[in-house]
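Participant: Chains as they are written, first to last, in this note's numbering: chain A, 1133 to 1376; chain B, 65 to 548.
Calculated from the structure, these hints are not laboratory results. A couple of the hints might just be wrong.
What the hints assert, rightly or not - Label-pair distances were calculated between CB atoms; the ranges are:
{"hint": "1", "chain 1": "A", "residue 1": "Asp1331", "chain 2": "B", "residue 2": "Trp542", "range": "53 to 61 Å"}
{"hint": "2", "chain 1": "A", "residue 1": "Ile1322", "chain 2": "B", "residue 2": "Gln401", "range": "26 to 34 Å"}
{"hint": "3", "chain 1": "B", "residue 1": "Thr395", "chain 2": "A", "residue 2": "Trp1264", "range": "46 to 54 Å"}
{"hint": "4", "chain 1": "A", "residue 1": "Phe1289", "chain 2": "B", "residue 2": "Thr395", "range": "16 to 24 Å"}
{"hint": "5", "chain 1": "A", "residue 1": "Met1268", "chain 2": "B", "residue 2": "Leu517", "range": "17 to 25 Å"}
{"hint": "6", "chain 1": "B", "residue 1": "Phe525", "chain 2": "A", "residue 2": "Ile1322", "range": "20 to 28 Å"}
What the hints assert, rightly or not - Below, simulated BS3-like cross-link-like pairs (lysine-lysine); rule was C-alpha separation at most 25 Å, straight line:
{"hint": "7", "chain 1": "B", "residue 1": "Lys363", "chain 2": "A", "residue 2": "Lys1170"}
{"hint": "8", "chain 1": "A", "residue 1": "Lys1170", "chain 2": "B", "residue 2": "Lys450"}
{"hint": "9", "chain 1": "B", "residue 1": "Lys282", "chain 2": "B", "residue 2": "Lys250"}
{"hint": "10", "chain 1": "B", "residue 1": "Lys476", "chain 2": "B", "residue 2": "Lys450"}
{"hint": "11", "chain 1": "B", "residue 1": "Lys523", "chain 2": "B", "residue 2": "Lys363"}
{"hint": "12", "chain 1": "A", "residue 1": "Lys1170", "chain 2": "B", "residue 2": "Lys348"}
{"hint": "13", "chain 1": "B", "residue 1": "Lys523", "chain 2": "A", "residue 2": "Lys1170"}
{"hint": "14", "chain 1": "A", "residue 1": "Lys1170", "chain 2": "B", "residue 2": "Lys427"}
What the hints assert, rightly or not - Reference excerpt, derived from the structure (chain B facing chain A, CB under 7 Å, subset only):
{"hint": "15", "residue": "Leu421"}
{"hint": "16", "residue": "Lys442"}
{"hint": "17", "residue": "Gln444"}
{"hint": "18", "residue": "Cys461"}
{"hint": "19", "residue": "Cys489"}
{"hint": "20", "residue": "His490"}
{"hint": "21", "residue": "Asn496"}
{"hint": "22", "residue": "Asp499"}
{"hint": "23", "residue": "Leu502"}
{"hint": "24", "residue": "His504"}
{"hint": "25", "residue": "Tyr505"}
{"hint": "26", "residue": "Ala531"}
{"hint": "27", "residue": "Leu535"}
{"hint": "28", "residue": "Val538"}
{"hint": "29", "residue": "Arg543"}
{"hint": "30", "residue": "Asn547"}
Beta carbons: idealized from backbone N, C-alpha and C, even for Gly.
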Amino acid sequence: MNDIRDEKIRRFSNYRIIEHWVLLITFIILVLTGLSQKFYYLAVSQWFILRIGGIDSLRYVHHYTALVFLSLVTVHVIVAVSGIVFKKWRPSMVITGKDFTDAADNIKYYIGMKDHPAACDRYNYKQKFEYWVVLMGAIVMIASGLVLWFPVFATQFLPGEIIPVAKVLHSNEALLIFLIIAIWHIYNAIFSPEVFPLDTSIFTGYISRERMISEHPLELERMEGTDTGERGADIGVDGIEAKS
Amino acid sequence: MTGFMKNKLILFCICLVSLFLCRDGHVDAKKAVISDETVICLQCHSKQGVVFRFHNGETLSVYVNTDEYRMSVHNFLGCPDCHRGFSVDKHPKRRFRSRKQYKLQASLICRRCHKNDEIASKPIHASLLAEEKKGRSPVCADCHGAHSVMPVTGGKIFISEKKYCMGCHEYELDLTFKNGEHLLLKTDASALARSVHNKLGCSDCHYGFSSEDHPERKFRSMRDYSIASSDTCKRCHFDKYTKTEEGVHCAELNKGNINAPVCTDCHGSHAITRIRDKRTLIVKRCRNCHREIYEIYSKSVHGSALLIDANQDVPVCIDCHKAHDIGNPLTLVYREQIPEMCANCHANRLVMDKYGLSTDVVKSYLSDFHGITLGFYKKQRRMLDKPGRQIAVCTDCHGTHNIVSTRGVDIKELKAKLVKRCRKCHENVTGNFPDAWLSHYEPGIRKAPLVFLVNLFYKIFIPLMIAGLVLQIVLHIWRYIINR
């Protein structure tokens, strides 16, 4: 057993590691500077805002961090789309019918109706769910955020009511994403018994063979199986190199 | 004894008695009888229109009011007693340079009987005598009148300082300033009695003056006098005085604008009343100087309610600007206080219910972008000493002195006006822009339905989503525990 725990398999390329770091930092800054505005009446928000140097400074930080976030998301989408289209990457994040059956199977396994969990591919349904929630959320946040940042420009094309709509969208979507990350992502990446104290794969780029076997058996099978064509596509997506 | 002799005797007796009484300060004016000689004089001098012409062209009416003379303390004296050289037979021609010279000469007549020692026993005269030594002779008749000399004291001992002062100041005394302006020193006792200060004595305000002392003050002008006099108020109303020192009026005065109002300009002097309850009066006082603003205010929803319907709920000048510590309304600090000022009434259910107005207007402002930002600017000023920028407050949309009701106004017209107001800060906004503000309404299915629905969606979706995720986590942990 020792060797499969020690054996590391490359899961994420350096680009993804950097991408996650940038996302992590911008996300924390945006959440702090954003939610303190949403819950402006709380003592802790007021303390924080005054600590930053006032509401204008806070908004300045929020706006320009959002620009970094906007760039990150834009680059991510361009890389993903062009990778899939031109480099024939495997669209491993695309939600398929299997994800729904996996979810159902997993629930059944949890409550004891099945004796093993769903066998997943590169990304399991939980990860896909989280990815799409964040990506879609990011698009909503960016669009509504830009409207709020440039209301005069926005109302040149759109009705005035778009401003309060953007405000409720931005505010509620922020809370939703924050809660999903704070509960779901933090559980899965930190507190889940399988990874506790921390799932380091996004920081180091490597995952143990043991976890690959239990969490991504289909991907491992494909990586080490006969179908080299598919595996090649995978390497293309995320620069995976099996470390043997 | 002839009738004539008899009359003379009676007159003599009366004179004797009068003189005796006079020494004791008791004069019963009404009982005196006018001498025949005086009657003859009065045949001409009781007619109006006879004038004496001075050398410099000035004239003086030689009319003598018989009734006043009859009532005067000198009614026991005949005309020649004062006007020496004149008698039934003789009417010498006199020449005087001017009216002033004549009056000074006439004063000497009084001094024949009223010797300096006697005069000096009254402090008010003591100062006049001191003036005389410097070459400025007093004119007795200026205060006492000529033929109508009245018992100043009535021969009584004064029961109060006020009565003592009023002994002179109920008459048309006159103060002349260096620039030639005149101030009537006559004080209306009844107004004084009705004033809030009716319990105060004269010297409580006019300090330095007393029954012993009557210092002479010299002022360049009436305005200088008013400014100096208002200084007396601070001796009791020090709190108001210190507040005033923070105000714009005091600042103006310190800058040298002598027309800036002082206490008495708004409160009056002897007739001070409690102005707080007379809201219309307050507005009128401010109008004295701020006429243009008054005209605008009087047409506003607040002003017209006050001035036409005598509505006591509407704000008057001092409700927003304060009475004493009037701040500069163009500063950011003042701006930041505006929502609070409006909230004083517009968040007060007791007042707003009367007019069917919503009390949520302040809340809806304070919880929107401008209001939240303003809230932080205020905190920043207080805690970081970092002033904010100019941000829209109530008055930027509603106006200040010209606030009108939005009831019954065409919505398109209203929006068109609002765009102009938005453009003050947000340049080049289109007609769509004002709709960004929900006009103090809470989003609902009728008002801003999209906002309402998006909010509703998240209100349902977020708890469901979180509950689902937490449930999965719990199941996951449960399974892990079972498997161990």
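Participant: Starting from the hint list further up, note which numbers the structure goes against and sort them upward.
Facilitator: Structure breaks hints 1, 2, 4, 7, 10, 11, 12, 15, 16, 18, 19, 24, 25, 26, 27, 28, 30.
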